[in-house]
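Q: Below are the chains, spelled out letter by letter.
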Amino acid sequence: MTAAPAEPRPAARPRAPRSEGRKAERRLGWLLCAPAALVMVAVTGYPILYSVWLSLHRYDLRFPAEQEFVGLANYAVVLTNSYWWTAFGVTVLITVVSVAIELVLGMALAVTMHRTLLARGLVRTVTLVPYGIVTVVAAFSWFYAWTPGTGYLAETVAPGSAPLTERAGSLAIIILAEVWKTTPFMALLLMAGLALVPDDLLRAAAVDGAGAWQRFVKVTLPVMKPAILVALLFRTLDAFRVFDNIFILTAGANDTSSVSMITYSNLIRGLNLGIGSTMSVLIFLAVAAIAFVFVKLFGTAAPGGDARGGGR
Amino acid sequence: MSLSNVPVGRRKAAWAFVNTVVVVYALTPVLWIASLSFKTRETMTDGHFVPREWTLAHYADIFRTDAFLRALVNSIGIALIATFIAVVLATMAAYAVARLDFPGKRALIGVSLLIAMFPQISLVTPLFTIERALGLFDTWPGLILPYITFALPLAIYTLSAFFREIPWELEKAAKMDGATPAQAFRKVIAPLAAPGVFTTAILVFIFCWNDFLFAISLTSSEASRTVPAALSFFTGSSQFEDPTGTISAAAVVITVPIVVFVLLFQRRIVAGLTSGAVKG
Numbered sequence: 001m002t003a004a005p006a007e008p009r010p011a012a013r014p015r016a017p018r019s020e021g022r023k024a025e026r027r028l029g030w031l032l033c034a035p036a037a038l039v040m041v042a043v044t045g046y047p048i049l050y051s052v053w054l055s056l057h058r059y060d061l062r063f064p065a066e067q068e069f070v071g072l073a074n075y076a077v078v079l080t081n082s083y084w085w086t087a088f089g090v091t092v093l094i095t096v097v098s099v100a101i102e103l104v105l106g107m108a109l110a111v112t113m114h115r116t117l118l119a120r121g122l123v124r125t126v127t128l129v130p131y132g133i134v135t136v137v138a139a140f141s142w143f144y145a146w147t148p149g150t151g152y153l154a155e156t157v158a159p160g161s162a163p164l165t166e167r168a169g170s171l172a173i174i175i176l177a178e179v180w181k182t183t184p185f186m187a188l189l190l191m192a193g194l195a196l197v198p199d200d201l202l203r204a205a206a207v208d209g210a211g212a213w214q215r216f217v218k219v220t221l222p223v224m225k226p227a228i229l230v231a232l233l234f235r236t237l238d239a240f241r242v243f244d245n246i247f248i249l250t251a252g253a254n255d256t257s258s259v260s261m262i263t264y265s266n267l268i269r270g271l272n273l274g275i276g277s278t279m280s281v282l283i284f285l286a287v288a289a290i291a292f293v294f295v296k297l298f299g300t301a302a303p304g305g306d307a308r309g310g311g312r
Numbered sequence: 313m314s315l316s317n318v319p320v321g322r323r324k325a326a327w328a329f330v331n332t333v334v335v336v337y338a339l340t341p342v343l344w345i346a347s348l349s350f351k352t353r354e355t356m357t358d359g360h361f362v363p364r365e366w367t368l369a370h371y372a373d374i375f376r377t378d379a380f381l382r383a384l385v386n387s388i389g390i391a392l393i394a395t396f397i398a399v400v401l402a403t404m405a406a407y408a409v410a411r412l413d414f415p416g417k418r419a420l421i422g423v424s425l426l427i428a429m430f431p432q433i434s435l436v437t438p439l440f441t442i443e444r445a446l447g448l449f450d451t452w453p454g455l456i457l458p459y460i461t462f463a464l465p466l467a468i469y470t471l472s473a474f475f476r477e478i479p480w481e482l483e484k485a486a487k488m489d490g491a492t493p494a495q496a497f498r499k500v501i502a503p504l505a506a507p508g509v510f511t512t513a514i515l516v517f518i519f520c521w522n523d524f525l526f527a528i529s530l531t532s533s534e535a536s537r538t539v540p541a542a543l544s545f546f547t548g549s550s551q552f553e554d555p556t557g558t559i560s561a562a563a564v565v566i567t568v569p570i571v572v573f574v575l576l577f578q579r580r581i582v583a584g585l586t587s588g589a590v591k592g
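Sequence lines, in order, name chains A and B.
Under my numbering, the first residue of the first sequence is numbered 1, with each subsequent residue one higher.
Under my numbering, the first residue of the second sequence is numbered 313, with each subsequent residue one higher.
Derived from the structure by calculation, the hints contain no laboratory data.
The structure displayed is predicted, hence computed values, not measured ones.
Keep in mind that the hints are not guaranteed to be accurate.
Said to hold, decoys possible - Chain B residues, not near chain A, derived (Cβ > 12 Å throughout):
#, residue
1, 366
2, 368
3, 379
4, 381
5, 490
6, 498
7, 510
8, 535
9, 570
10, 583
Unchecked claim - Residues on chain B that point at chain A, a partial pick, calculated with CB under 7 Å:
#, residue
11, 331
12, 346
13, 348
14, 420
As the list claims (entries may be wrong) - Here are the simulated distance ranges between beta carbons:
#, chain 1, residue 1, chain 2, residue 2, range
15, A, 297, B, 488, 50 to 56 Å
16, A, 23, B, 485, 23 to 29 Å
17, B, 362, A, 270, 18 to 24 Å
18, B, 510, A, 108, 26 to 32 Å
19, A, 159, B, 324, 35 to 41 Å
20, B, 535, A, 201, 57 to 63 Å
Even glycine gets a Cβ: it sits at the ideal position worked out from N, Cα and C.
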């Protein structure tokens, strides 16, 4: 669709214009993209390679003199460490549970935003509040809400206990905070998919005697499948990076650290760059694996890939 | 949709109920932190959702402390600069992606997609080291650079979706009517593109404003610490005071701009977030 070749020019050189125009277009395209591409590659590409290099070295800022090449020793250290696996388990748990809840809630919210007969603008506006609000602010709100004495939830829901001082309670609250904050984003992506479901199709199904639930399962969901998979992919990768909520709510106490959280602790408190980089690389690989599984197993079109690939 | 036989009045009542649930869901935590920020020190721990005694003392406190003011200036400055640069770079790239045909386009899209999914923590350790070596650690550019990088995919994605909707033939028509290319751009294309650029700027600003991980890892002092990072270091106006009230007040202050954006530009933000998402 974008392949509009240059207009036939005033015919000075009858055969050249087309390729000449192509060349100019190509050069302009590169020129326009170069700054963005350069920044993205310089700020991510180089550091990730540097990270791989660091992960193969013993490098502790407290003992800078002892820097040396240690091969895969750091990986062995991390992968045999129970803290790492605990954090990995916590991350997977938070990711799976919160994304599952978000999918259900997000779908309900999307249908509401799409179909409501009243005050559609108001509903959409308030829905954007959790999306826009700073995660740290929301986390503090939940933190105080569950602090015994201070909070309205601590007194009514769990009187006499302090959920943020025990593991299960903390994890539940972290998941709650994640779900609250990101369900609207999920809902917006799903709403975009809902808008694609043709009304005619729903009406035809209704005429054929399908009830509301059947129409939803048999018509709406299949049409929405690409949008659902894209939303799931985005949110799964995003949830896997969970950090802000944990930092504020528990600071990783009672084994509630995520992989991002222990990598951060290792870097800032431990100043161990070798181990920190090893964790960085492992998280990167985990995320790549998740993306790969989504694309291969579920056949998610890479989000936007086709839309922007030149329309072929 | 007239699928259902239920009378309109009943359906409206049902929707009114559902809408109320949504409003309560979305606003409760925000109202709670606002409520805390207005509670007096004595009633802070009474557990009531609505303050029994109101005060503005916490706001007065934070605006008197240097730590908060510096952080606020850092937050605003860093987010605005990063947004501006990211939107300029993304506008150029998105124009190319939407309108031109050139080899490497798919690679660009692929790279930006990869970055959109990139675990930011993976960059924190190397950036921490690199920025310390380059003297960028704990400076504005030290935060602006990663913000631009992670905002670019979002910005390019949103903008190219917007640009694809622009009727570019109008430009040709204007030129045929005798407009110079500059005039055609200024009078015809720029006004059509402006809403998309503006929407993207809001989304990017929200992203930069929200960041915590980089802000806390790549700063070490008030020189560049943004509000979300500063909040986690907050103590009361004196060190031994419980900081609940001041943290809440500061939290409300940085929430206000977001709420204003959302109120004013709801339609655009929704359009921006959902654009392109469908076509994948």
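Q: Would you mind marking each hint as holding or not holding in the structure?
A: Okay, the hints, checked on the actual structure:
No Cβ of chain A approaches the Cβ of residue 366 (chain B) within 12 Å, the least distance being about 17 Å, so the stated non-interface status holds. The claim that residue 368 (chain B) lies off the interface holds: its Cβ sits roughly 19 Å from the closest Cβ of chain A, which is beyond the 12 Å cut-off. For residue 379 (chain B), the non-interface assignment is confirmed: its Cβ lies about 15 Å from the closest Cβ of chain A, beyond the 12 Å cut-off. Every C-beta of chain A lies more than 12 Å from that of residue 381 (chain B), the closest at about 18 Å, which supports listing it as non-interface.
No Cβ of chain A comes within 12 Å of the Cβ of residue 490 (chain B); the nearest lies about 17 Å off, and the non-interface call holds. Distance check on residue 498 (chain B): its Cβ is at least 19 Å (rounded) from any Cβ of chain A, clearing the 12 Å threshold; non-interface status holds. Taking the minimum C-beta to C-beta distance to chain A, about 16 Å, the non-interface status of residue 510 (chain B) holds against the 12 Å cut. Consistency note on residue 535 (chain B): stated as away from chain A, and its beta-carbon is indeed over 12 Å from all of that chain's, at 17 Å minimum.
Non-interface call for residue 570 (chain B) relative to chain A: violated, since the shortest CB-CB distance, roughly 4 Å, does not exceed 12 Å. At roughly 10 Å from the closest C-beta of chain A, the C-beta of residue 583 (chain B) falls inside 12 Å, breaking its exclusion from the interface. Taken as an interface hint, residue 331 (chain B) checks out: its beta carbon lies about 5 Å from the nearest beta carbon of chain A, inside 7 Å. A distance limit of 7 Å between C-beta atoms decides the matter here; for residue 346 (chain B) the minimum to chain A is near 9 Å, and the interface restraint is violated.
Given the 7 Å rule on beta carbons, the hint for residue 348 (chain B) holds: about 6 Å separates it from the nearest Cβ of chain A. For residue 420 (chain B), the shortest C-beta to C-beta distance to chain A is roughly 5 Å, which falls under 7 Å, so the interface hint holds. In this structure, residue 297 (chain A) and residue 488 (chain B) meet the distance hint of 50 to 56 Å, their C-beta atoms being roughly 52 Å apart. Between residue 23 (chain A) and residue 485 (chain B) the C-beta distance comes to about 26 Å, which sits within the given range of 23 to 29 Å.
Between residue 362 (chain B) and residue 270 (chain A), the C-beta spacing of about 44 Å breaks the proposed range 18 to 24 Å. Evaluation of the 26 to 32 Å hint for residue 510 (chain B) and residue 108 (chain A) yields a pass: the beta carbon distance comes to about 31 Å. The hinted range of 35 to 41 Å is satisfied by residue 159 (chain A) and residue 324 (chain B), whose Cβ atoms lie roughly 38 Å apart. The given range of 57 to 63 Å is respected by residue 535 (chain B) and residue 201 (chain A), whose C-beta atoms sit roughly 59 Å from each other.
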